[in-house]
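Trainee: To convert, count from 1 in the sequence shown and add 1041; that's the numbering used here.
Some hints here could point you the wrong way.
Stated by the list, open to error - With beta-carbon atoms standing in for the labels, derived distance ranges:
(1) Asn-1080 <-> Tyr-1133: 21 to 27 Å
(2) Asp-1049 <-> Gly-1140: 40 to 46 Å
(3) Ser-1054 <-> Asp-1139: 40 to 46 Å
(4) Asn-1052 <-> Tyr-1133: 29 to 35 Å
(5) Leu-1125 <-> Leu-1101: 17 to 23 Å
(6) Val-1111 <-> Ala-1075: 22 to 28 Å
(7) Gly-1140 <-> Gly-1056: 42 to 48 Å
(8) Trp-1113 <-> Gln-1138: 34 to 40 Å
(9) Val-1111 <-> Asn-1052: 18 to 24 Å
(10) Asn-1080 <-> Leu-1125: 17 to 23 Å
(11) Arg-1119 <-> Gly-1140: 18 to 24 Å
Keep in mind the hints are simulated off the structure, nothing from the lab.
C-beta atoms are modelled at their ideal positions from N, C-alpha and C, and glycine is treated no differently.
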Amino acid sequence: MPPLIELDHANVSLGDHPVLQDISWRLQEGEHWAVLGGNGAGKSTFLRLIAGQIWPHPHLSRRYAFGEGVSWSPLRAREQTALLSPEVQNRYVRRLQDGPDN
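With these hints in hand, go ahead and build the complete structure from the sequences.
Mentor: Put into structure tokens, the structure is as follows:
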């Protein structure tokens, strides 16, 4: 089974400034990942890259397999992924712990 999301030697620049260089990474079904690092380390840029909010160079270095085969388009990924602030995440966790009626 292909990875849900795969980066293969992806690069990201913001303006003329390279932010992520030569990133290779895979998310397989059932896996959970934590992204750690200090301020300015590129965590948010990495998450925006895999969520399809920004484009890598070369653009064919990112692939998705959500449903019907492998695609380079992030459109389907945007339906399947989300970036949450810690506050929003905590709100969802509390709602799950309180049950569906709350």
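Trainee: Indicate whether the distance between the beta carbons of Asp-1049 and Gly-1140 respects the range 40 to 46 Å.
Mentor: holds, 42 Å
Trainee: For the pair Trp-1113 and Gln-1138, does the Cβ-Cβ distance stay inside 34 to 40 Å?
Mentor: holds, 38 Å
Trainee: In this structure, is the beta-carbon distance linking Val-1111 and Ala-1075 contained in 22 to 28 Å?
Mentor: holds, 26 Å
Trainee: Quick one: are Gly-1140 and Gly-1056 within 42 to 48 Å, going by C-beta?
Mentor: Once the Cβ atoms are compared, 47 Å apart, the range 42 to 48 Å for Gly-1056 and Gly-1140 holds.
Trainee: Are Arg-1119 and Gly-1140 spaced within 18 to 24 Å by their CB atoms?
Mentor: Violated - the Cβ-Cβ distance for Arg-1119 and Gly-1140, about 29 Å, lies outside 18 to 24 Å.
Trainee: Quick one: are Asn-1052 and Tyr-1133 within 29 to 35 Å, going by C-beta?
Mentor: Holds: the Cβ-Cβ distance is about 33 Å, inside 29 to 35 Å.
Trainee: Lying within 18 to 24 Å: is that true of the beta-carbon distance Val-1111 to Asn-1052?
Mentor: holds, 20 Å
Trainee: Is the hinted range of 40 to 46 Å satisfied by the C-beta distance from Ser-1054 to Asp-1139?
Mentor: Holds: the Cβ-Cβ distance is about 43 Å, inside 40 to 46 Å.
Trainee: Does the Cβ distance between Asn-1080 and Tyr-1133 fall inside 21 to 27 Å?
Mentor: holds, 25 Å
Trainee: May I ask you to test the hint 17 to 23 Å on the CB atoms belonging to Asn-1080 and Leu-1125?
Mentor: Because 19 Å falls inside the window, the suggested range holds.
Trainee: Using the Cβ atoms, figure out if Leu-1125 sits within 17 to 23 Å of Leu-1101.
Mentor: Once the Cβ atoms are compared, 28 Å apart, the range 17 to 23 Å for Leu-1101 and Leu-1125 is violated.
In terms of the numbered hints stated before, the structure departs from hints 5 and 11, listed from lowest to highest.
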